[in-house]
Amino acid sequence: SQKSHSRILPSNHVWIHDAHLSDTIVCFPIKRNIYGKIFGGFLMRKALEVAWSNASLFSGNRCRICGVDDIMFRKSVDVGSILLLSSQ
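Residue 83 in UniProt numbering sits at position 83 of the sequence shown, with consecutive numbering throughout.
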């Protein structure tokens, strides 16, 4: 990486910013729930896809998803929103 660090990176390790992936999503009406907001399951799937893609690209192998511990929605997502999802 181009950044300078005050710590020495141990062998077989990488800086977290070197394993970064992002995706932009436009929230179309077809993904809305009964309340007119974007369906939470769609958002969870897209977040999981970005995380899985980042892990798979970084490791050089197809990763296996073992589980998801916790997902918290802080606020609803309106139809027409543009979301930037990122994974590190």
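Treat the hints with care, since some could be wrong.
Distance ranges between label pairs, derived from CB positions [claimed, not checked]:
#: 1; residue 1: His-17; residue 2: Asp-78; range: 15 to 23 Å
#: 2; residue 1: Ser-59; residue 2: Ile-8; range: 20 to 28 Å
#: 3; residue 1: Ser-76; residue 2: Leu-48; range: 15 to 23 Å
When the alpha-carbon atoms are kept at most 35 Å apart in a straight line, the in silico DSBU-like pairs for lysine-lysine are as follows [as the list claims (entries may be wrong)]:
#: 4; residue 1: Lys-75; residue 2: Lys-37
#: 5; residue 1: Lys-31; residue 2: Lys-75
#: 6; residue 1: Lys-46; residue 2: Lys-31
#: 7; residue 1: Lys-46; residue 2: Lys-75
These aren't lab readings, by the way, just hints derived from the structure by calculation.
Just so we're clear, the structure is a prediction, and the values are computed from it rather than from any experiment.
Quick reminder that beta carbons are idealized off the backbone N, C-alpha and C, glycines included.
Among all the numbered hints in the text so far, which are the ones the structure does not match?
The structure breaks only hint 1.
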